[in-house]
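**Student:** The chain contents come next:
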Amino acid sequence: MTGSSNSEARLSAAAGWDRPVKKYSEFRRTVSVFFGRPLPVVGLVIITIFIIITIFGPWIAPYDPLDMDVMNSLAHPSSEHLLGTDEIGRDTLSRLIYGARTSMFIGIVVITVSTAIGVILGLVAANSTGAPHHIIMRITDGLMAFPSIILALLIAGLLGGGLQNVIIALTVGMIAPVIRITCGMALSVKENDYVTAARAMGAGNLNIMLTEILPNCFAPILVMMTMGIGATILAEAGLSFLGVGIIPPTPVWGRMVNDGYRYLLTNPELSMAPGLAIMLVVFGFNMMGDGLRDALDPRLRGVV
Amino acid sequence: MAVLLNVENLKTYFHTYHGEVKALDGVSFYIDQKETIGIVGESGCGKSVSMLSVMQLIPTPPGKIVDGKVIFEGQDLLKYEAKGDEMSSIRGGKIAMIFQEPMTSLNPVLTICRQLTETMEWHLNMDSQTARKRAIELLKLVGIPEAENRIDAYPHQFSGGMRQRVMIAMAISCNPKILIADEPTTAVDVTTQAQILDLMKEMTERFNTSLIIVTHNMGVVARYAQRIYVMYAGRIVESGLSDDIFDNPQHPYTIGLIDCVPQLGETRSTRRLVPITGVPPNLIDMPPTCAFLPRCKYQIDKCKSEPWPSLRPVGDQHYISCYVNTREKK
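Residue numbers (the numbering used here), protein chains in the order written: chain A, 1 to 304; chain B, 305 to 634.
Among the hints, erroneous ones may be present.
[Said to hold, decoys possible] Here are the simulated PhoX-like cross-link-like pairs (lysine-lysine), alpha carbons at most 25 Å apart as the crow flies:
(1) 368(B) with 190(A)
(2) 368(B) with 338(B)
(3) 383(B) with 315(B)
(4) 190(A) with 373(B)
(5) 398(B) with 387(B)
(6) 368(B) with 383(B)
[Unchecked claim] Okay, the calculated bits of chain B under chain A, using three or more residues with CB under 8 Å as the criterion:
(7) 388-399
(8) 491-499
I should point out that these hints are in silico values taken from the structure, not numbers from a laboratory. As the structure is a computational prediction, the values presented were derived from the model and not from experiment. Even glycine gets a Cβ: it sits at the ideal position worked out from N, Cα and C.
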């Protein structure tokens with residue numbers, strides 16, 4: 001008997017089982033994975049800077065974005081106007097800073113709302129058979145049949161311009177792909193053994209949906225959200241260009257790109273500056289989203 | 305001892321494009337309190353389907369339990385809604401199940417702690433602190449070293465054997481009356497197999513749980529089960545006490561199964577292993593006669609004309625569904 005317990009002790013020593021396992025907090029580990037690589041940090045820094053600009057815009061901006069300095073229209077960058085002025089003499093830098101508010105606000109609100117609605121509908125569709133599944137998915141198919149910009153254009157056209165209507169229009173346009181992806185992911189996750197195992201342990205439908213299926217669908221949804229913010233800012237530009245977006249003279253990046261492109265050869269900074277801002281925000285969100293996905297997934301966290 | 309679970313004439317069919325698959329065609333078995341029974345048969349004979357039917361976990365559609373009764377503590381479980389609250393409180397609370405694949409039976413994105421405590425919170429109304437303490441105790445009980453530290457780990461940080469131990473801890477966490485182990489050792493290696501089986505035996509004895517072991521491995525049931533049911537093509541073809549089944553198998557299929565298990569001390573010169581020839585029948589297109597007939601060495605004329613016989617007694621608690629008196633023919 002002693003012999004066997006001895007050999008067991010030796011076995012467990014060989015396996016390293018008797019060594020104390022270092023206690024670590026998963027939260028700290030998540031944070032360290034996120035900050036362990038450069039790109040997510042770059043993304044976070046970019047987003048933070050833009051958020052600061054959004055909040056403190058009125059104090060940072062050198063001019064009122066609506067002030068016209070007609071004598072100085074289409075001025076090139078100078079110490080007076082760092083990014084020059086547009087055709088009616090408004091300061092581009094100030095408009096850019098104020099535009100960050102509208103554009104970022106639209107991007108974040110639209111994505112949050114459409115993801116929330118889309119994920120709920122997607123989960124419901126995946127977890128029901130028969131009527132609810134078919135109704136949700138066929139409506140989704142219908143929405144997917146239109147390019148989202150056409151759909152948003154239709155709704156914005158019906159409701160008219162303005163911030164609130166633009167948000168509604170873009171949200172409806174963004175929901176369909178979220179439903180589609182969530183439902184598809186949930187359907188494949190649902191087939192996993194651990195879902196059956198959870199059922200066998202007495203988990204109810206709601207529990208299965210929220211604790212077993214949803215966390216496993218998280219990665220593609222997160223990626224979609226971060227990509228979607230950029231797409232939304234661009235879509236708003238499209239709506240503004242077609243005349244159903246944010247009502248001028250409210251400064252907004254998409255409109256600035258469109259207004260400036262006529263002067264692309266003489267005053268390239270007019271559309272380049274807001275274009276670059278959109279690019280930076282999209283890049284920032286994408287990088288941050290990738291980092292978040294890796295840091296929040298316990299399997300990836302182990303290897304990264 | 306009182307009968308705890310009594311399954312009568314259970315029929316589960318699957319509707320497919322090619323026809324109706326009669327996965328279970330009138331299966332009856334029972335289990336007493338504190339008893340261990342084994343259900344043996346080759347792949348696709350309906351072992352797992354019968355367990356999933358008891359738990360009402362058959363995916364519907366395509367599957368459907370068309371007939372039968374599952375009497376547990378005086379209640380017919382099949383009368384309950386598959387997704388209703390009554391079934392949910394029985395699953396995990398009264399009847400727990402361990403699955404074949406430990407690598408995929410735990411949710412990869414939740415910690416071990418969360419998965420263990422969740423079940424206890426549902427069934428025992430524990431608060432999370434008490435549940436956590438009990439989860440640590442359970443992990444120690446199933447032989448996970450450093451349980452206090454490992455409880456916050458994720459499943460991918462555990463080996464297959466350890467995950468199966470976690471599954472066992474989860475299954476016994478709410479003191480179920482019956483533990484169903486659906487091929488619990490198929491995916492782990494031989495040394496771990498023995499440990500896992502011993503552990504399950506120990507746990508069921510400790511908590512007075514009845515144990516149903518579903519397996520295709522005769523060796524597994526020989527050591528642990530008191531009674532054995534042998535399944536073939538969706539039916540039970542032989543049932544009896546383990547000793548009777550191993551020492552004195554009566555159904556040609558059971559005889560074949562035991563003949564193809566090597567025994568200690570045998571060499572090639574003393575006895576060659578005898579395989580069962582042929583393959584199991586297609587469950588869509590079942591012959592009107594005994595489904596084992598094409599592979600049977602003992603067949604008589606009556607087998608070819610009469611339908612598949614129901615179980616008949618051949619000894620104390622020993623039943624076979626066969627016309628042939630194999631004992632005489634041997």
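**Student:** Within the assertion that chain A covers the region 388-399 of chain B, do at least three residues meet a Cβ-to-Cβ distance smaller than 8 Å?
**Tutor:** As far as the region 388-399 of chain B goes, the hint holds, because 7 residues have Cβ atoms under 8 Å from chain A.
**Student:** For the pair we were handed, residue 368(B) and residue 383(B), check the Cα-Cα distance against 25 Å.
**Tutor:** holds (13 Å)
**Student:** Quick one, are residue 190(A) and residue 373(B) close enough, alpha carbons at most 25 Å?
**Tutor:** Roughly 28 Å between the alpha carbons, so the hint for residue 190(A) and residue 373(B) is violated.
**Student:** Checking one constraint from the list: CA of residue 368(B) to CA of residue 190(A), max 25 Å. Satisfied?
**Tutor:** Within the cut-off at roughly 19 Å; holds.
**Student:** If you draw a straight line from the CA of residue 383(B) to the CA of residue 315(B), is it 25 Å or shorter?
**Tutor:** holds (14 Å)
**Student:** Are there three or more residues in the region 491-499 of chain B whose C-beta lies within less than 8 Å of some C-beta in chain A?
**Tutor:** violated (count 0)
**Student:** Starting from residue 398(B), check that the Cα of residue 387(B) is at most 25 Å away, please.
**Tutor:** holds (16 Å)
**Student:** Starting from residue 368(B), check that the Cα of residue 338(B) is at most 25 Å away, please.
**Tutor:** With Cα atoms ~30 Å apart, residue 368(B) and residue 338(B) exceed 25 Å; violated.
Checked against the numbered hints given earlier, the structure breaks hints 2, 4, 8 and satisfies all the rest.
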